[in-house]
Amino acid sequence: MVYTLLFPSSWFYGKRIERSRLSDEVSLWPLPQQFQTSPVAFKLSASRFKIVHAPGSTAGPSCSLLQNAFRRYFKYIFGYVNEQGQPRSRVFDSELRELQVLITSTDPECDAYPSLKTDESCKPSSRVFVVLGLETFSQLVYEDDYGVNNINKTSILDYPRFSHRGILLDTSRHYLPLKVILANLEVMAMNKFNVFHWHIVDDSSFPFLSRTFPNLSQQGAYHPYTHVYTPVDVKSVIEFARMRGIRVIAEFDTPGHTQSWGKGQTDLLTPCYSGSSPSGTFGPVNPILNSTYDFMTSFFKEISSVFADAYIHLGGDEVDFSCWKSNPDIQKFMEQQGFGQDYSKLESYYIQRLLDIVSSTKKGYMVWQEVFDNEVKLKGDTVVEVWKMNMVEEELQNVTGAGFTTILSAPWYLDYISYGQDWKNYYKVEPLSFNGTPEQKKLVIGGEACLWGEYVDATNLTPRLWPRASAVAERLWSDENVKDIGSAYSRLEKHRCHMVRRGIPAEPLFVGHCGHEYSGL
Amino acid sequence: MTSLNMALKMFQAQIKLLRFLFLLIVIYGEVEHVYGVWPMPQQITQSTERYLLNPRVFALSYANDSMAQSGCSVLDVAFKRYFKLIFPDFAHGTGRDKSLRFGNTLRFYGELYVANIFRQKYLNSISCSVKLGLESFSQLVYQDDSSAYFVNKTEIEDYPRFQFRGLLLDTSRHYLPVNSILSTLDAMAYSKFNVFHWHIVDDPSFPYQSSTYPDLSNKGAFHPMTHIYTQSDVRRVIAHARLRGIRVLPEFDSPGHTLSWGKGQPDFLTPCYKGDVPSGSFGPLNPTLSSSYQFMSDLFKEVTSVFHDSHVHLGGDEVDFTCWKSNPKVQAFMAKMGFGSDYTKLESYYMENILNITAALNKISIVWQDVFDYHEHIPKDTVLEIWRGTPAEIRAELGRITLAGHRVLLSAPWYLNHISYGQDWRNAYTVQPQNFSGTEQQKELVIGGEVCMWGEYVDATNLVSRLWPRACAAAERLWSNEKKTSSVERAFPRLKDFRCTLVRRGIQAEPLFFGHCKHEYSGL
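One line per chain: the protein sequences are A and B, in this order. Numbering-wise (UniProt numbering), the first sequence opens with residue 1 and increments by one. Numbering-wise (UniProt numbering), the second sequence opens with residue 1 and increments by one.
Hints should not be assumed to be uniformly reliable.
Below are the PhoX-like pairs computed for lysine-lysine, each with C-alpha atoms no more than 25 Å apart in a straight line [said to hold, decoys possible]:
#: 1; chain 1: B; residue 1: Lys518; chain 2: A; residue 2: Lys179
#: 2; chain 1: A; residue 1: Lys345; chain 2: A; residue 2: Lys388
#: 3; chain 1: A; residue 1: Lys263; chain 2: B; residue 2: Lys496
#: 4; chain 1: B; residue 1: Lys380; chain 2: B; residue 2: Lys345
#: 5; chain 1: B; residue 1: Lys363; chain 2: B; residue 2: Lys301
#: 6; chain 1: A; residue 1: Lys494; chain 2: B; residue 2: Lys219
#: 7; chain 1: B; residue 1: Lys329; chain 2: B; residue 2: Lys345
#: 8; chain 1: A; residue 1: Lys179; chain 2: B; residue 2: Lys496
#: 9; chain 1: B; residue 1: Lys219; chain 2: A; residue 2: Lys263
#: 10; chain 1: A; residue 1: Lys483; chain 2: A; residue 2: Lys441
#: 11; chain 1: A; residue 1: Lys424; chain 2: A; residue 2: Lys494
#: 12; chain 1: A; residue 1: Lys325; chain 2: A; residue 2: Lys301
#: 13; chain 1: A; residue 1: Lys362; chain 2: A; residue 2: Lys388
#: 14; chain 1: B; residue 1: Lys329; chain 2: B; residue 2: Lys380
#: 15; chain 1: A; residue 1: Lys362; chain 2: A; residue 2: Lys379
These aren't lab readings, by the way, just hints derived from the structure by calculation.
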């Protein structure tokens, strides 16, 4: 898949003037696969510059996704000028007046949802890439000493190295207000991330308002009205993401991490025993009751229609067996099934039945690596997410050796903070450094930066995520040979100022300053 | 007797030596709901009896026999500010009818606060204790499910354990917009911090716009117009702090940490040599030139009049000798002064001169511990600040400095710019500032401490969430009785509540652990 951002000479009006200056302000992040820039600079005037559909493009003004993107990026390029007053009416002798967008694929997919296939389709100049290309274009525009927007003559050929470039946000351990999620989708687009992995529920709270089972959030959310995501909220997240070429993959993690589910759904969780009597506490989902599977069937039927993406994340991580072990009914069931004392077989039994349920909704699924490790039978298109820090390379080798696609998140748990420039560690990760055949390596389709919510909420999420996640963005987008830390530092420093300029509180890399500091306090 | 009269009668404030006490009793109620105050007061007795506060009639006003009366601007402003903090919803409304200004009155016997509470001359504001009391009171007011305001019958006797409870911000490594500083001052007042240590200049930039030497910021700031503090900015900060009972302690660190000064002040820094020729780079301030001392004298004359606090911080930390050693003129000076090759003597010589300059300006100096470690003759009233070392080293240093009779501040355990995964506030909380071997007199020389937020990785984007509520741990350590606040586990739920209070007041305080606040942070 390839997109090009070229300025044919016919785009320019007036005579060119040579300018020796290769601007210091310009920095591209993530770095394009190929680009060439020349010192020839052109000015952009807010009153005359337009982003338009090229003649012959298969997309036109009816493509709302593109129209929205045009407006968004026009504002990013000129928004600061407009705030200060009327656009200048001076005429420059070399001026860029038009950015033409040419879509050549027969189906511009204006109303479709982005999918894994969008990236794999190799359609040049599909509309998702136009959005990405606009981001690149906006990064090329810089302000000269007189406050005038300039762009140097540049030609770019670009495509991502990996097709799954995700960010995980956890809205269970802390509730994240809608506007925080939307703002971060916006920043994701600035960094060319294309998957929002929404870890929407967990032990701590159940903020997803289910139409089928409204009691889940009524009882399981931190607050049934102020700390929930209504169907309208979810829709607006999905639409906002779609406009930016971002997929929304929801995770409903079971059978562990489900304490909050139990509050609104009786008999769903396993009652733990202390000796021969129930202790009053509950463990993972109860895998021995038919009612459990009936519930899951109805629940995932709703989920599969609410979330448009072709994939659902089913979790399956960190199941604690102690409660199952304590429960006499479960012990009996283990005997009946001939599982002996191997509770991972019980876990597999549950997951297997769950996967069958989800398959019947025509959705693909993603799972955490334990599901694969426990030898659950998985559909061929399952994506296994590797998150455990020890033996990452072996795990990648095993998962891809078994023929499954995989994404890597283990080295990118951004909730782990430390003093200093930890972005360098994220940047240095090479996802394909494990031993394996070229076919195996192709099965690594990307990775995710995870910001788990134990210590993160709306107060600190954005500066904690950015620009640290930007390091992951470049690793997943740019060529594997793009790994010079020094060059990355100077570009990332500018890129972070870029984000700050757009109102995003991205934290600093080190001592220094931005021309326009964060003022959103 | 009507309930209103009863309430009025019961409203009394009783003040004893070295403490202030207020007793709050309002109207009505039964349900048990006891709320904590952060930092923990010295004495607090709460009953389950609760009383309704009606924002339409509740007023903060001066008692008839109060020495301070309407017109005491600091208190007038504090009343207005705390009314909004006590009734957060109401403050968003249309405001209240002036004719309703009667009813439940929180009375302060202002005159009894004078001198009795704070012996220290520099804390001579009669209003400080009232404001601190208002803060405690505001934290005791809570809303039930129907959003009515309540306060439980509570008796508080309170005074700070340490007189110096500081917070350092570094505006040189990153420029902090004035708004960031002001909102930090707000949050400081909520936690009863009372000193803002403004590490205003350093190697990377010189944002202070000096009226005597405007070139310092013209050439030494990140940007001469947008990344500076003008005189009126500084005045704004000082005024904002004053209204909140916070002193502003400026630090102009020398002779090290001065690279940015050199840009606007030629011949000020020591030229480093490579062999026989200047290398083009510069080291610490040049201590061999009399012009250096003239400059410092002029600068401090300005600084001490702009920042009217009785103290000034002179820095004096981390002086790197390699540049001095390379410079032949410095070598010649060393020989002339008979310092041999002991460059700490040269540093000492410089610091003595600077201490004399500030002493002549009638200011008491605060310096980093390095100055004590390397020098013998420093004025007795100089305050030393401990910033480095393992716990054992810190204890030893506390012993040495206090044995020499100097007052001392502790900041080493509270470098909040150092972050790690998890609840690091617990370490900050369990610090014992007076746990070192020494006499009672020595322990009394520990006058407090500071949390430091150095700026390498911090600017306006992440300052607030990185500071709060982590700084609150030190706030309680510096304010409260150590024995009563020794349990981290008992502090946890109170700090969690207080963090939500901060969020409710618009401070972007980060969470301690998973959970939620009734009113989440609504900014970005």
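Hints and how they fare:
{"no.": "1", "hint": "B:Lys518 / A:Lys179", "verdict": "holds (17 Å)"}
{"no.": "2", "hint": "A:Lys345 / A:Lys388", "verdict": "holds (21 Å)"}
{"no.": "3", "hint": "A:Lys263 / B:Lys496", "verdict": "holds (24 Å)"}
{"no.": "4", "hint": "B:Lys380 / B:Lys345", "verdict": "holds (19 Å)"}
{"no.": "5", "hint": "B:Lys363 / B:Lys301", "verdict": "holds (10 Å)"}
{"no.": "6", "hint": "A:Lys494 / B:Lys219", "verdict": "holds (22 Å)"}
{"no.": "7", "hint": "B:Lys329 / B:Lys345", "verdict": "holds (16 Å)"}
{"no.": "8", "hint": "A:Lys179 / B:Lys496", "verdict": "holds (24 Å)"}
{"no.": "9", "hint": "B:Lys219 / A:Lys263", "verdict": "violated (63 Å)"}
{"no.": "10", "hint": "A:Lys483 / A:Lys441", "verdict": "holds (19 Å)"}
{"no.": "11", "hint": "A:Lys424 / A:Lys494", "verdict": "holds (16 Å)"}
{"no.": "12", "hint": "A:Lys325 / A:Lys301", "verdict": "violated (31 Å)"}
{"no.": "13", "hint": "A:Lys362 / A:Lys388", "verdict": "violated (29 Å)"}
{"no.": "14", "hint": "B:Lys329 / B:Lys380", "verdict": "violated (33 Å)"}
{"no.": "15", "hint": "A:Lys362 / A:Lys379", "verdict": "holds (12 Å)"}
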